[in-house]
Structure formats: C-alpha cells, structure tokens
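Number of protein chains: 2
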Amino acid sequence: MKVGVIGIGLIGGSFAKDIKRIWPDSSIFGIDSNEAHLEQAIQLNLVDAKGDYDNLTDAELVIVSIPVDVLVRELPTILDACGDDTVVIDAGSTKKLICETVASHPKRRNFLACHPIAGTEFSGPSAAFEGLYEGKTNIICEVEKTAFKLQERALELFQKLNMRIRYMNPIAHDQHIAYVSHLSHISAFMLGKTVIEKEKNERDIFDMAGSGFESTVRLAKSSPDMWTPIFEQNKENVVETLEEYIENLQKFKQLLLDDDYQNVYNEMNNTNRIKQILKGIPLTKS
Amino acid sequence: MKVGVIGIGLIGGSFAKDIKRIWPDSSIFGIDSNEAHLEQAIQLNLVDAKGDYDNLTDAELVIVSIPVDVLVRELPTILDACGDDTVVIDAGSTKKLICETVASHPKRRNFLACHPIAGTEFSGPSAAFEGLYEGKTNIICEVEKTAFKLQERALELFQKLNMRIRYMNPIAHDQHIAYVSHLSHISAFMLGKTVIEKEKNERDIFDMAGSGFESTVRLAKSSPDMWTPIFEQNKENVVETLEEYIENLQKFKQLLLDDDYQNVYNEMNNTNRIKQILKGIPLTKS
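If you're matching them up, the sequences are chains A and B in order.
With the UniProt record's numbering applied, the first sequence corresponds to residues 1 to 286, in that order.
With the UniProt record's numbering applied, the second sequence corresponds to residues 1 to 286, in that order.
Quick caveat, the hints were computed from the structure, so don't treat them as lab data.
If you're wondering where the values come from, they're calculated on a predicted model, not measured in any experiment.
There may be inaccurate statements among the hints.
Treat identical chains as interchangeable: a pair holds within one or across any two.
To be verified - Pairs of lysine-lysine, BS3-like flavour, derived with a Cα cap of 27 Å: (1) 20 <-> 235; (2) 198 <-> 96; (3) 107 <-> 96; (4) 275 <-> 198; (5) 198 <-> 17; (6) 251 <-> 198; (7) 275 <-> 200; (8) 200 <-> 235; (9) 50 <-> 145; (10) 2 <-> 198; (11) 145 <-> 251.
Taking the hints into account, I'd like the entire structure generated from these sequences.
This is how it looks when you write it as structure tokens:
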C-alpha cells in the first residue's frame, strides 16, 4: 500500500509506525513544512522518503495530521491532487469548519473526516510511538459522504489498530469535544499560569507539586501552535464551556466564603462518580 | 521499634509497609475509628495488631494520618497519652491550625509537624503501597519545637524512605500548598462537575474523554471526607487562589471573545515552561 502522511509529528508519525507494523510492505512518504521534522522522521524510520503533493495521485491512503488552521487551508488542494482511488483522512480536533470547507469539493467522496481521540502532551516526530491508537475512540463525521470502497479501506486500518468507531455529525462533535477535551486544556493552562505567577520561586513549585498538581497541569505542556486554531475554530462552544466552568468555580468559592462545608462536601461527593464514568477508559501512557 | 499508626489508610498504611520493610523486627499497632479498615489492615499485614491510646505510652514512633479536622481534635489527646520518648508525626495537608492547636501543649516537644507530599486519588488500607514516599518531598514545620533526639528518629525514617526534607513555617506552608495542591483539586472537581452536568449521556464522556480529560480530572476522584476539612482550615488561602484562577480563566475567555488569537497563543506559550519546572518531579504511580 502506498501511503502519504502530511504532517509527520506525534499523530501522523504514530499512524506511520503502526501502518509499517501492520503492512510491512507498505511504502510511506512524508510531507511536512518543517524540513527538520521530515529529516528526523526518515531517520526514525517513520517514513521511507520525502514526498510532495504530486505523489498523492497514486497514494491509496493519505493521513493529514496538521494544525486545524493549516488543515482548512490545505485540504482542498490536497483533495485536488489526490487520485480517484485515494482516501484522505484527517485527524483534526474540530470537525464543523473542516467539513464545511470541503462540502462542495468535487472530490468530497475521497475524504473521510476523522478525529482519533488520542495523543500526549508531547509533539514532533520523536513523540510518535507504536500503539498510540490501541483501544482509543475514533470519531467519524459525515461518513455517508465518503465513497463506500474508500470508507472500507480506512476502516480496515482503524480495525487493525483496534480503535472504537463512533459516528457523529460535525456540530455535535464540536459541542461534545469542547467539554471533554478543549475545556480540560484551558483548565490546565490557566492552572499552570496561576501557579507560575504566584510562585516566583520555581523551586517551590518543583518541591511541593507532588503528584496532584503534576497530573492536573499536564496538558499545559501542549503545543500552542496546535491549540490556538482549535480554540479559534470552536470558539462558540469553548466559550460556553468556560462560562459554565467559571460559574461552578465561583459557586464553590461562595460556599467556602459562606462556611457552608456541608455543600462543599456534597459538591465533591457528587463529582466522585467520575470514578465510575472513567473506569472504562483504557489507561494511557503517562 | 514499637510503632503506632493512627488512621490506617493510604498514607498511614504506606508508611507501615515501608517501616516493615526497613525494620522487619518492628511491631506496629493500628488505631482507626473504622473497624472494617482496621480488620483489613491486619489482613493486608500493614499492622500486626489493633491498639488504643493506652498503647501510645511506650511507642517510639506514632504516625497520625487522619483527616485534618479529626487531627486537630485528637492531637492533644494523643500527645497526652504518649510517653516521654515517643515522637508523634502527622501527615496533615494543612499546618497552621495544627501547629497552633498544640503550641502550648506540655508535650509539644514530642510532636513533629509534617506534610509528606505524596498520595494518589485512592484511599483506605487497600490503597497503601510500598514506595509511595520514595523521592517525595516532606515539609517539616517548626522543627525547632521538637526535641532533638525525637527529630533525629523521625528523620532517620524519612532518610531511609529517600524523602527530600524542606523546612518551612506553617503560614508559608499553607500559602504555597494552596496553590500547588489545593487549587489543583478544586480545578479538577469543578471540571468533572461541569462535564458531568453537560454530558447527561455518560457514554459520551467515556467514549470521547481520551487521555487529556482523564488526567486533568483525576483528582476529582479524591475523598470529600479528607478534602472538606482541608479547604475549611485553609479557607483564606484557597479563596485567594480561586480568585486568581477564575480571573485568569475570565481573561482567557475574553481573549477568545475578542478574537485575539495572538494573545491566546502567548498565554499558552508562556505557560509551556511548566514543562521545565516539572521536569524534576519524580514520576508517580498512575
């Protein structure tokens, strides 16, 4: 199988690693605006060679894993360049604008809109690893707009990766993901900011942080290049989640100010059931 | 060595496990208001026998690991019961009220105020494990108020556990810990609450949560029995951290509303240095 990976970082690189494992005879070319990353991807054996858009025409599978602003800009050109038998899948954390962008593209049937819910706070080719997608959820939007034969090819990959497929419309995707992913990132970034501002002596953070702060703030290590355009494209939903989060924090603060510790207890006790909700989530690489 | 552990959960039980490993000849008795936990602690070999306050008089080391409200209530009685050669250490997440409570106790010199910065989101005897304290920070307050010989005995334990000791006054402790620990817990609890409220269909959380939400919300599994009195005792500092956190979230929301994505980027980019700050923190059991 001839495979193209456009954007060869954590997401694209991890797909490439697994594809090599599943289909050892596949040939993978990489395209990346960052020349150093491309060199590194070749050295790490993530891809066999550099490529360009001319190579897309006879590729059977193309994975586009680039920041969502670049994705919206490049996807029409990528579809222009791909062949009739090419399936192009993306990995963007937003889906509405991306689907709208290619809605009337003549090669819309070559595109499958995907969001594999997987990642770490690290980025670049060196962050890629085999098994990132094992047991993870992959949200597919507007599946009916993709040619059936091409859907099948993509699904074969996801099945071999042992991913769990969920079909959703792009608007619902963007609403749900704002809560379970985008808000978590802002919460972590602002937690990190608040602590850094206060603790001018970084040695104190380091010494006192313990395990709690570290895991809660983990996502604040994430790439601003990736996340800024996500928040831009999903602004409306993200602002809504932020308003609800801020309101809950203000209520909690008021309970403390009122010395209403019975309700402080109740707030935490009611949220404890997150334990049961999360029980089914596969453990992730820490 | 005769050791007493008052409150035989994650914290006390993990101390007991390590003490058994370091001093196999030690005899450890457990005291707990929860009879089932006490039985379980014996079955798990965390302690050798049940005890009561009468046993404290000839104990060489007593670890008090109970919720901080119970600690403030019980500590004077525990000191009353202990012998001249007993060192009593606590593990409370607040220090000011605890130190004030025993400031003029006739056996103040038998008490060493400690806060081992270690734990997981789990609780009870079954959550205890060997090595919880390995490489972790232990904050000791008002060390000068403890008899030198008794300090030495406690420090020998911490040294054998490979803990890093930091001396701090109780007021500074409570201020710093509000930022690096207490705020993280509220941030996680309210994130969990916001998502649960919105996502009535818990299947959606489960399917979409991925790795990001899971780690950010992890602390929302923590025990309300333990955390309510911590927030009560450290109310003033906790409210201050919450105000700053809420303000940062509101500023971030405003940047989104203003479409000021350059500053959205800057906010995240500036906080990215949390990576370097956290680099030295030992990896924790996930």
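Please flag the earlier hints that this structure goes against, numbers listed from lowest up.
1, 5, 9, 10, 11
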